[in-house]
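Each chain is listed here by its residues.
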Amino acid sequence: MCQKIGTKVIAYGSIQVYEKDGVYQLYCKSMKEDGIGDLYTAYEELKRKLSLEGLFDEKHKKKIPFMPKVIGVLTSNTGAVIRDIINISTRRNPNVYIRLFPVPVQGEGAGVKIAEAIEFMNEQKLADVLIIGRGGGSLEDLWPFNEEIVARAIYDSEIPIISAVGHETDFTIADFVADLRAPTPSAAAELAVTNIEDLKYTINLYKNRLKMALHKKTEVMRLRFEKCMNAGCYKDPYKMINDYYILIDRRLKSLENSVVQKLKDSKIRGAKAITKLDTLSPLKTLTRGYSIVQSEGRVISRVKDLKKGDIVDLHFSDGSAKAEIK
Amino acid sequence: MTKSEKDFEELMQKLEEITTKLETDKLNLDESVKLFEEGMQISKECNEKLEDAEKRITMLIRTNDEIKEENFVPEG
Chain A
20 MCQKIGTKVI AYGSIQVYEK DGVYQLYCKS MKEDGIGDLY TAYEELKRKL SLEGLFDEKH
80 KKKIPFMPKV IGVLTSNTGA VIRDIINIST RRNPNVYIRL FPVPVQGEGA GVKIAEAIEF
140 MNEQKLADVL IIGRGGGSLE DLWPFNEEIV ARAIYDSEIP IISAVGHETD FTIADFVADL
200 RAPTPSAAAE LAVTNIEDLK YTINLYKNRL KMALHKKTEV MRLRFEKCMN AGCYKDPYKM
260 INDYYILIDR RLKSLENSVV QKLKDSKIRG AKAITKLDTL SPLKTLTRGY SIVQSEGRVI
320 SRVKDLKKGD IVDLHFSDGS AKAEIK
Chain B
-19 MTKSEKDFEE LMQKLEEITT KLETDKLNLD ESVKLFEEGM QISKECNEKL EDAEKRITML
41 IRTNDEIKEE NFVPEG
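These protein sequences, in sequence, are chains A and B. So in this note's numbering, spot 144 of the first sequence is number 163, and the numbers just go up one at a time. So in this note's numbering, spot 47 of the second sequence is number 27, and the numbers just go up one at a time.
Output of the computed footprint for chain B on chain A, the stretches with three or more beta carbons under 8 Å from beta carbons of chain B:
1. 82 to 89
2. 119 to 133
3. 235 to 247
Straight-line C-alpha distance at most 27 Å; calculated DSS-like pairs for lysine-lysine:
4. K226(A) - K(-6)(B)
5. K219(A) - K(-6)(B)
6. K35(B) - K88(A)
7. K235(A) - K1(B)
8. K29(B) - K144(A)
9. K81(A) - K(-6)(B)
10. K230(A) - K14(B)
11. K226(A) - K6(B)
12. K29(B) - K81(A)
13. K(-6)(B) - K235(A)
14. K219(A) - K14(B)
15. K(-6)(B) - K82(A)
16. K29(B) - K88(A)
17. K246(A) - K14(B)
18. K48(B) - K88(A)
19. K(-6)(B) - K230(A)
20. K6(B) - K235(A)
21. K230(A) - K1(B)
22. K235(A) - K14(B)
23. K1(B) - K219(A)
Think of the hints as simulated: they come from the structure by calculation, not from any bench. What you are looking at is a predicted structure, and each value in this text was computed from that prediction instead of being measured. We put the beta carbon where it would ideally sit given N, CA and C, even for glycine.
Full structure from sequences and hints, please.
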């Protein structure tokens, strides 16, 4: 390892003291050039300043929309970053709308261009979410994303911003100010674009839950209904009518029986009465030679009821005759 | 945020609410069927919204404060 005198280096190793001479020795295990020493100081200073101002505060972070209609991307129109973002986005949502606004992502003036692009997207309302980013690189390469003008543009943006600068281990000021920091541009696309298949799956889950819930409710009601329908009156609705028919038949029969019985009784009573009547009948007496005397319809049972000249009816068993009292 | 994508999030929230309501609330059959139908209708709308969008990959080109939008195909 050969370094020119005057080069700033970062050395890694251990320090030991040679006690006899009071000399410190650095046992260097690795060493790299530290051309970025000044940049690093600037980075730390800006970070501290903006942090104190509250630009990194959680309360300023805007929510990334759930289903952004237009995804604005501020990055270079060449290279892997935009390609990765497009690939990941379209894989997650085949109908995605990506609006690329090309900006230089390194070198002099890039920061200003990036800040202007953020402002422009906001003024024209050209996106629902913005991804700003670039691929990995040295601290110098990533520098535009450490510039104050970019940090303030991100902070002032109405459109939520996802930063995706460099690799997972690179942290830029833009990352701290952004509403969401993605470790890589691909990850930013994943954060910005909802996976349509996941959504469809979720919607389907809701549909199934709705069906299950309704089924459960109707099942309970069906059971209640069936329990009712199992009651005799619904199961055999004619049973009740038939029962009444049987009752009517039975009543009819007993009515008939009682009429017949009454008739029989009456006949017997009648026969008895006839016999009795027969024995009391005057006809029998008449046959023995008696006769009944009637005058003007009245039975004459005493002689004093008669006077001379009366015409009387004489009733015999086989007929009647008229006679005159002398 | 444009209107339609807010609608989608709202629809999804509504779907969640309706589903939970149907699952947990004591409702009569009429109310249940009404909720069920509403939920199914919303899920249909959600699916339609997902299918509805059209894929567009564009690049904005700014010249003298005029903005043009062109289809963009990444290299490689």
